[in-house]
Amino acid sequence: MSRLSKLSFSTIMLWAGMFFLYAPMLILVIYSFNESKLVTVWGGFSPKWYGELFRDQQILDAVWTSLKVAFFASTMAVVLGTMAAFVMTRFKRSWGKITLSNMITAPLVMPEVITGLSLLLLFIHMADLFGWPKERGMMTVWIAHSTFCASYVAVVVSARLRELDLSIEEAAQDLGATPLKTFFYITVPMISPSLAAGWLLSFSLSLDDLVIASFTSGPGATTLPMVVFSSVRMGVSPKINALATLIILTVSLIAFICWYLARRSERKSLPPAM
Amino acid sequence: MKRSLTFRLPKGKYWTIGLPYFWLLLFFALPFAIVLKISLSTAAISIPPYESLASYADESLQIMLNLGNYLLIFEDSLYVQAYLGSLKMAFITTLGCLLIGYPMAYAIARAPKKNQGVLILLVMLPSWTSFLIRVYAWMGLLSNNGVINNFLMWLGVISEPIQMLNTNFAVYIGIIYTYLPFMILPLYATLSQLDGSLLEAASDLGSRSLNTFWKVTLPLSKGGVIAGSMLVFIPVVGEFVIPELLGGPDSLMIGKVLWQEFFNNRDWPVASALAIIMLGLLIIPITLFHRYQAKSMESDL
Chain A
1 MSRLSKLSFS
11 TIMLWAGMFF
21 LYAPMLILVI
31 YSFNESKLVT
41 VWGGFSPKWY
51 GELFRDQQIL
61 DAVWTSLKVA
71 FFASTMAVVL
81 GTMAAFVMTR
91 FKRSWGKITL
101 SNMITAPLVM
111 PEVITGLSLL
121 LLFIHMADLF
131 GWPKERGMMT
141 VWIAHSTFCA
151 SYVAVVVSAR
161 LRELDLSIEE
171 AAQDLGATPL
181 KTFFYITVPM
191 ISPSLAAGWL
201 LSFSLSLDDL
211 VIASFTSGPG
221 ATTLPMVVFS
231 SVRMGVSPKI
241 NALATLIILT
251 VSLIAFICWY
261 LARRSERKSL
271 PPAM
Chain B
1 MKRSLTFRLP
11 KGKYWTIGLP
21 YFWLLLFFAL
31 PFAIVLKISL
41 STAAISIPPY
51 ESLASYADES
61 LQIMLNLGNY
71 LLIFEDSLYV
81 QAYLGSLKMA
91 FITTLGCLLI
101 GYPMAYAIAR
111 APKKNQGVLI
121 LLVMLPSWTS
131 FLIRVYAWMG
141 LLSNNGVINN
151 FLMWLGVISE
161 PIQMLNTNFA
171 VYIGIIYTYL
181 PFMILPLYAT
191 LSQLDGSLLE
201 AASDLGSRSL
211 NTFWKVTLPL
221 SKGGVIAGSM
231 LVFIPVVGEF
241 VIPELLGGPD
251 SLMIGKVLWQ
261 EFFNNRDWPV
271 ASALAIIMLG
281 LLIIPITLFH
291 RYQAKSMESD
301 L
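Quick note, the sequences are listed as chains A and B, same order.
Residue numbers for the first sequence follow this note's numbering, beginning at 1 and rising by one.
Residue numbers for the second sequence follow this note's numbering, beginning at 1 and rising by one.
FYI, nobody ran anything at the bench for these hints, they're computed from the structure.
Note that beta-carbon positions come from the ideal geometry of N, C-alpha and C, so glycine has one too.
Mixed in with the good hints, there may be bad ones.
Stated by the list, open to error - Far from chain A, some chain B residues (derived; all Cβ distances over 12 Å): (1) L67; (2) G68; (3) L78; (4) L180; (5) P249; (6) D250; (7) E261; (8) Q293; (9) S296.
What the hints assert, rightly or not - Per label pair, the in silico range of CB-to-CB distance: (10) A:F54 / B:A44: 45 to 55 Å; (11) B:P112 / A:K92: 35 to 45 Å; (12) A:S192 / B:G117: 41 to 51 Å; (13) B:G196 / A:M18: 16 to 26 Å; (14) B:P112 / A:L180: 14 to 24 Å; (15) B:K295 / A:R263: 45 to 55 Å; (16) B:S46 / A:L26: 45 to 55 Å; (17) B:N264 / A:C258: 39 to 49 Å; (18) B:M64 / A:L249: 51 to 61 Å; (19) A:F54 / B:P219: 51 to 61 Å.
Starting from the given sequences, assemble the full structure and let the hints guide the process.
What follows is the structure in C-alpha cells.
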C-alpha cells in the first residue's frame, strides 16, 4: 500500500467519527464547571456543582446501592458466564449445549423493556406461588443484572478459551489432575485477564442499566440511573453534569490502567530478542 | 485426545452445564411464558392488575383466553404506528451506524498493528461510561439555547434557534451516537481477520480499489456486517430512554408505548401483548444474530 493511501476516505471518517464520539462528552465536562445555573450559558468557572453533588443525600445513597448491586451482580455473572463459556467451547454438540447457546446469546440483543417486563412478571408469580421474593428490591435487581451480564461474560471468556492450547489441559489430566483441579490450577490462571475484563464489563453494564432496574426494583432500592433519569426528565441540570464528569473520569482512568497493564504483560511475555 | 478430555468429566460436567442452564431457564426463558400468559388475561383493578386465566368452580376447570388485548393492538392505529415508527427508526439508524462505522472499522483494521488496540479502546470507551449520560449530553447540545444553536447564531448562519430537541432528528442522532461502538466492534473483528494477500491478489490482477472493495472486502466481512447491524437494530426497536429524553410527542416508538401502558396506565395485559408482538417481529433478526454469535463462540469439538 502506498503512503498516499494513509489519508484515505476511511482515515478521515475515523477521525471525524472520533470527534463525533468525544465532542459531546467534552462539552458536558466543560459545562460542569459552569457557575451559572443555566446550563447552556457560560457564567464563569466554578467547581460549586461538585460541592452540591456531594451534599445530595439521595444521589449518594443511590450510588452506594448501585455499587453494591453491580459488585454482586458482576461476580455472579462471571461464575455463570464462565461456566456457559466452558460448555460452549469444551463440550461436544448436544441438545443441552444448543439450547444453552440460544439462551446465552439472546440477552445480548433482547430489548430491555422485554427483559425487564418479563422478569418482573416472573418475580410476581414466584412471590405468589412460593412466597419468595417477598418484595422487590436489591435482590431482584441483582438476579436480573446477573442474568444479562452473564451473556457478556460468556462472549469475552469464550473468546479466550477458544485461543487456549487444549494440550496443556490435557497434559494436566494425563498426569492425574481431576477436571476440577485442572480447571482451577491450569485454566483459570490462563483465562484470568478475560475473567477480569468480563467482571469489569458486567460492573459497568450493571451500574448503567436503567430500564431493567426500573422494572425489577422495588421501594427502598433506587439505583443511580433511576435517580439521574428522574432528574434529567425535568431538564438539564448542572449537578448531573458534575456527576457525569466524575463517571467519565473514573471509567477513563480504569480503562487506561487496564490497557496499560495488559500492554505491559504482553511485552513481558515476548521473548527478549524482540 | 479431545474426546478423552470431555469423557473424563462425568459429574462435574453435569454441574457445569446444569447451573447456567437452570439459571437461564428460570430467569430468561420461563419469564417469556409468563408474559405470554398475562397477555391472554383480562385487565382488572386489583393487585396484581389482571385476572387469572384458570378458574375452578362447580367441579369444572375453566380456562379463559382473552384475545382482546391483541385485537385492541391491531385495531388501534396508535399501536400499529408505534411499531412501524420503531422499525423505521431502527432501520434508518442501523444504516447510519453502518455508513459511519464501516469506514471507521476499516481504518482501524488497516492501521499499524501496534495502534489498533488504542484505537479500538478509544471507540469502546464511550460505551463503558453511562449510556444515560451520553444521551443527556445531547440534550444540552440540541436544546433551543444549547451549544449548537448558540454557535450557529454566533456564526450568523441562522437568526433564531432551530427546534432540534424533542424531534425525530434528535432521536436519530442520539441512537446513532450511543449505538455506534456496538457496530464498529464486530466489524473490526472480521475486518482485522481479513487476509491482506487477497486484496493484493485482486490489485495484481488489475482490480481497481473500489471494485476490490465491493467484490472482495465487503463479501468477506458479511458476518461482521450482519452481527453489527443486529446488535444495533434489535435493541433500538425496543428503545425507551432515547425517544423519551430526546424525542417529542410525535416520535412514537413501541418501547415508550409499552412503558407507558405498564407504568402509567397499569394495563399489564396490553403491555405483555405488546412485548409478545415485538418479540415476534424480532425473532428473525435474533435468529440471524444468534447464528453469527454462536459460530464465533463455540468451537467444534
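Taking the hints in turn, this is what the structure says about them:
no.	hint	verdict
1	L67	19 Å, holds
2	G68	19 Å, holds
3	L78	17 Å, holds
4	L180	7 Å, violated
5	P249	15 Å, holds
6	D250	18 Å, holds
7	E261	10 Å, violated
8	Q293	4 Å, violated
9	S296	8 Å, violated
10	A:F54 / B:A44: 45 to 55 Å	46 Å, holds
11	B:P112 / A:K92: 35 to 45 Å	41 Å, holds
12	A:S192 / B:G117: 41 to 51 Å	19 Å, violated
13	B:G196 / A:M18: 16 to 26 Å	24 Å, holds
14	B:P112 / A:L180: 14 to 24 Å	43 Å, violated
15	B:K295 / A:R263: 45 to 55 Å	30 Å, violated
16	B:S46 / A:L26: 45 to 55 Å	51 Å, holds
17	B:N264 / A:C258: 39 to 49 Å	42 Å, holds
18	B:M64 / A:L249: 51 to 61 Å	56 Å, holds
19	A:F54 / B:P219: 51 to 61 Å	55 Å, holds
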